[in-house]
Amino acid sequence: MAGASVPTSNPPGAEPTVIVSFWRMAMRTAWISGGFTIFVIFLLGVSHYLAGPVDPANSPRWQKLRTELAAKPTDAKLQEEFRRVDWEVRQKYFYFQRIAQMGTWLALIGAAIAVAAWNIANELRRRIFLPVPNSRAVNESHSQQSVAILSVAGLGVTLALAAILITFAYRPPVDWKQFHDSSASVGIAAASRDVPGGSRVPPSSSEGMTASRPSGAIESAPEKAPLSSEQERGMPGGLSPQVTSGTAEGAGGVLSPSERVSQGAGGIPSGASPKPAGGTAGFTAENRPVKFTVEPSVFRRHWHRFRGPEGSGISAFDSAPIEWDVTTGKGVRWKVPVPLPGNSSPVVWGARIFLSGATETIRHVYCFSTEDGSLLWQTEVPTKAESPFDPKKVAHETGFASPTPTTDGRRVFAMFATGDVAAMDFDGRLSWVRNLGIPDSAYGYAASLEIFGDRLIIQFDQGSQAKEGKSRLIALDVESGESIYEVSRPVPNSWSSPAVVELAGRFQLLTCGAPWVISYDPASGLEIWRAKCLEGDVGPSPVVADGVVYAGNEYSVWSAIRGDGQGDVTSTHILWQAEENLPDLCSPLATSEFVFLLASWGILTCYDAKSGEKLWELDLKASFISSPGMAGNRVYVIGEKEEEQPDGKFETFGYCWVIEPTREGGKILACNPLGEGCTASPAFQENRIYIRGRKHLICVGN
Amino acid sequence: MKFPHSSPDRSIIRGSLALLSARIPKVLSRALRAKIAHGQAGNSPPFSRGGTIGLITLLGFLCLVLWSNSLVAQTMLVRPEVPGYDPPDWAAKVQQAAPRSWWREYLDVAILGLGIAAAGWLGLVRRSRRGLLLLTVASVLWLGFWRKGCVCPIGAIQNVSLAIADANYTLPLAVALVFALPILGTIFFGRTFCAAVCPLGAIQEIVALHPVKLPEWVDHVFGLIGYVYLGLAVMFAVLGTSFVICQYDPFVAFFRLGGSLELVVVGIGFLLAGIFITRPYCRFLCPLGAVFRCISPLARWHVRIPPEACIQCRLCENVCPYNAISPPAAPLRPSARRTARQRFLMAAAMVPIWVLMGGVLGRLVGPILSRADARIQLADRVWLEERGQVEGTTDASDAFRKSGAHPDALYAEAAMRQLQYQQGGMWLGIWIGLVVGLKIVQLSRYRTRDEYEPERSRCFSCGRCFWYCPVEQKRLGLIEDLAPYLPEAREKSLQPVASASDES
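Chains as they are written, first to last, in the working numbering: chain A, 1 to 702; chain B, 1 to 504.
Just chain B, same shape as in the assembly:
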């Protein structure tokens, strides 16, 4: 095994030729091989573990989101529906996109379907990280900047929810397909849609310049926000409040090169955070990602780290910034197994309690959520004005009075709407309780593994890990012998272990 040294005087020309002839993988691979062979591979991870910097970034980012959300909430949710109140077109509750001939709509659907198929092929068959990256760029350009983020399966959740809840709402077939195709793709190939097709994920993937690895619990805890957001979005869609996912899409301002200052700030925040915390929106907020996390473990086919049997070299152990690589796990000793089983049963028994608690609390919080409803806001305002509890009037209340409508009818409607929110809040609480309970059950489950595997619910199928796997290098013909990559301590690390309680 001899590394082909390049003399400095000829290196530029040869190197350029190598790059031009797309031999760079080979050159890099030889470098990798030489490092391993000469024992020069350091024990520093491929990117910072960066728990501290990552957490600081995450917390700063959350503060930014909270601050901006309060601003955005004022500007975007408060738009009462009042006869005679003439809002600007962009603020109208019902916006009609410009006419788009049917074949263009289905062209969008076809492109989306092709993108998902291509991502599946590149990830699972070709195992090409580079191909996935190119597809990522194409997605950002086409689905993001060209189609302005409008071919959006994430937002389609709301259309589908509304269509299910309201028989009079006609769900366009194209929207139904936009929603269904990524789900079908996930059922068959895992989250390849997230990997390279979703423009929101794609733009974050591109800016992930200096990934840091967050502690695993952060992923588990903050990952639940996506489920909460999903529940809220469905509830608001079903109740006809608004399509919050679309209103709070942090990247749409980029794709459309314009938007409210607050959303631009939030978007920049996401991208800046995304330099370190890879895909913060996908991991912690995306409602469709929450759905995919449930579906992906059932995928018919899924990307694997090694193309063949894992040699347990551990080179991939820390290359996934999503904490989505599960190490081998040996069977537990009988005593530890008993403890684990007890923990699992206790977690399962707690699920109804979580659900009940969620339902009760959600019912209490529902009326508070109803404050997002434009009609209730208007009713509040008119009520307060009529009693002199606030000074002056607003455009909305003026317009309401000008319409000739009687406040009693408005109050009746507000009361009825609040009841609906109370019920909606109860279901939302049940959902959150169920999610928390089942998450604990899932975490309490102990699974044995023989090799390093992608953790399917969290794996975005981005293909980062391929390059680090010597088995993959061998498959590509870049190396011949796997022997140098076999760790001496392999056998030792796989001994059956006792649980932490046993050890203590």
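Looking at chain A on its own, in the form it has when it is part of the complex:
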């Protein structure tokens, strides 16, 4: 404790005795609290060293049992033992967490007292330095300056030597320089080509880069070769995507680049330049890898799009409330008004709920807090439409904000009936707005948005007939709004939403539009397979369970299609078809056991997922627009009923039926009043359901 000598109280010039007393008191306090702090830290260290918090997943006992359980998964005794050990290690872990937290607080308080006391002591015992005359002071300053210059120069030289040493001493595991040194003429595919011996060799500088190298992020595996070859032949009406082109030759024969620009397209990004495909300029994105800011698996914990992950409508959480009553407030956490109307459904990311609303002239995106429903922000989306928008062409039931927004965990994207697509950050600041052109849709545009890595996917189906060639599958760069790919679709207008799903060991983008169910590679826009099984106006979106795609619509058939096909699978991969009680608007629910179809006039029908046999039906005596959801083993369907009021007028009220399905029938567990009509689909999170009524956003549950 240098400098802590007890001050004397000898006058003159000495500190007053009271100062000495206080100084002593402060020093003792500092030492005691400092000692206490060190003691607490020591105890924390010892406790951490001896039996500190081991990550439960790293516990040897836990790991051993897990290995044993993996070998004998049905051993009930082992399961019980594993549960017990798991509980114990977690208990221990959290016990030490609590101890550590308490210890940290104690140490912090002790340190704060010690520091404060020591500072006070220092204040009371400040020493004065009256230096002796020193005529060499300035010279010393000069010499220090010289030392400093030499030191700085020495540091510079040391850094340079260190850089040289590191450069020559460090051998990276792989020198990627070998690729980019020859990138002007050598492709990476060539760089890593297979040789007969089975090993792969580095590139040779003489090999030329070919346009056909399979370097798409996903669409490049050898087994997809047949598809690639067909694309290159550019078969019209075949399997090749009829890409939007600069010529009118393609079957799609659609927008020229200049038209794309005139409609607000941001041009073609460098990574997705049009690629010749059999004489027709293509606009796919085989060469542009997908960037995942948030891994796809993270999306499963959120409800980031229409009907949640993969558009399945099935919650990752088993827990969802069963009974509530919005009219009385029972079981309702909060209920807040939504400023503008819309049929779009809520999407949820963490503690934020996103929603869109619009009228003929105004388009809004809202962000609500999941905690109390407070409106965190609302952003008005300006229109970029260059041609006049006729609101009369949009059906009243469809409205101007039917497409459900989506989010990639960093931005939120919304689309409106005007064809305006907007991206904004989580604070509501617009990143970009783009107009895809006024949609030519019989009832108004309604397909929701999908996200895949850095691609915002839009199923832009329009036109009364497929041969008009207006429909496109578009992927926009989430950062800039520029098109990554635009693929022509051989379908007329539809109201079904696309869904990216994991199917047959890869990601597939499923779309429905009469007469085709088409699967695309979501990274490049290249087609994988298609099945001809739709007819008329298509509203329901496709879903997947156990590797089977379920799609269909009223006035056609309902089909179960195996998802591992290539090319036209109409005659080879359709497992079964059904024709009874098919939905007009509502998307289905599919599990490995059941497929539920909800017809707009109120019939819920359950089919056997394997055989297509109709198991039962339930007449709910209501009309349905909202698609059903599922949490745990319960199906949630939201419908509307017209009810006569005391004044003789009829008013629409919404109800949510909670149904427990079995093979024998559906048992209605509850019919929960919503207090207002509802056309949007519910969003599920742990213990909660978010429902957008016609006027309010409602949070049900705890």
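Pair ranges (Cβ atoms, derived): (1) LEU476(B) x VAL46(A): 48 to 56 Å; (2) GLU617(A) x LEU384(B): 53 to 61 Å; (3) LEU384(B) x THR662(A): 50 to 58 Å.
Calculated from the structure, these hints are not laboratory results. Every residue, glycine too, gets a C-beta built ideally from N, C-alpha and C.
Assemble chain B onto chain A, guided by the hints.
Then chain B, alone, in the frame of chain A:
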């Protein structure tokens, strides 16, 4: 001049009353005055010069940082971005803070602005070290423990860099303000933000219990690390690697009462070192401090040691633990002036050489820095696994394969990323070369001074020196006469001097 002695029997009561009535400055001042008057002021400095203990502490501390950094680097930088790889939320590259309503964000900005204004007022107008200390404590409590170090202008450097480099990155207005306000404050008032508002500086200021004064060259040399760190942080932010300043914030574990063991160890190391070496992070590492060192000399107003004319009593000569008080310097003799000019010109001529060398070496080192990139790490791993050069697989490589993506695309991306790092390394090298070259130029410049002045780039405006200045004591009415403080040898010490070479 008579010292009012306190008799022991009545001293406690009177002293307590004096303390309660906030008369302690007066009591202390009288003690100071009595010591000077009775010739009892020793020639020991107010705190140890402690070059040896300081250097040992500094070296020990650097070893700790290097050791811990290697651990932290493994745990924090290695997180490849792989489809299907599900990292814990805290490890996700993009973390979203909990929703915070706009008015709360701007409340933070307003509090920061008020803090900077208050620090300027306390330092420049009130000249109150005590007030600055209270503000320091408030900053630690509010910006540190309550806001968990998130209102951070230091980290905002990265957001601003990324926003400049990437037009698609939206810089939140609140973050822009958090970055801009301290800079504006420094332009007007000097480093008053560092003095009492920055929670990182504040916590170090509080623990500076036994300051030792390091040799001046240490400040000059190690102070350059901050510029290197700034360059690295900007490069990694621009290339989208990571926000290293946030990842390696040594005090955030304290403010959040939790963090990785390595960071806690580094944080404790900084605080323990900070007991002796005042503000080690601010002086040697802080990237924003590096920016401030360039701006502060241009400040419109800056704290002064004496409130009026300096009487050159030399009482402040050794009170600054930051070596931030420059003594008076007389004009050089003509011969010495010529030597100094030659040295300056040579230093200036060397700048392009330093820059060129930095650029070339940086370009060589760039690919090595690219090893911090998660995609390149993954590409390395997949490449090695495919050739059987490593055993087994990692979660990341498993997840990558499960995603269905083809390795070729990954290799292509790795090659492209490495090119970017090569360019980034070149710019980083140019920056470091420029910093070293200009630092030598700055040190080669000879400036004359008539009085003791704060060395503006290094002065944290902490106000330590106020109390020791008799002119300040007189301004406060604590003493009446400055005569006892005038050194007899004043005239002699200010004679024009020859340079060291002349003398030799």
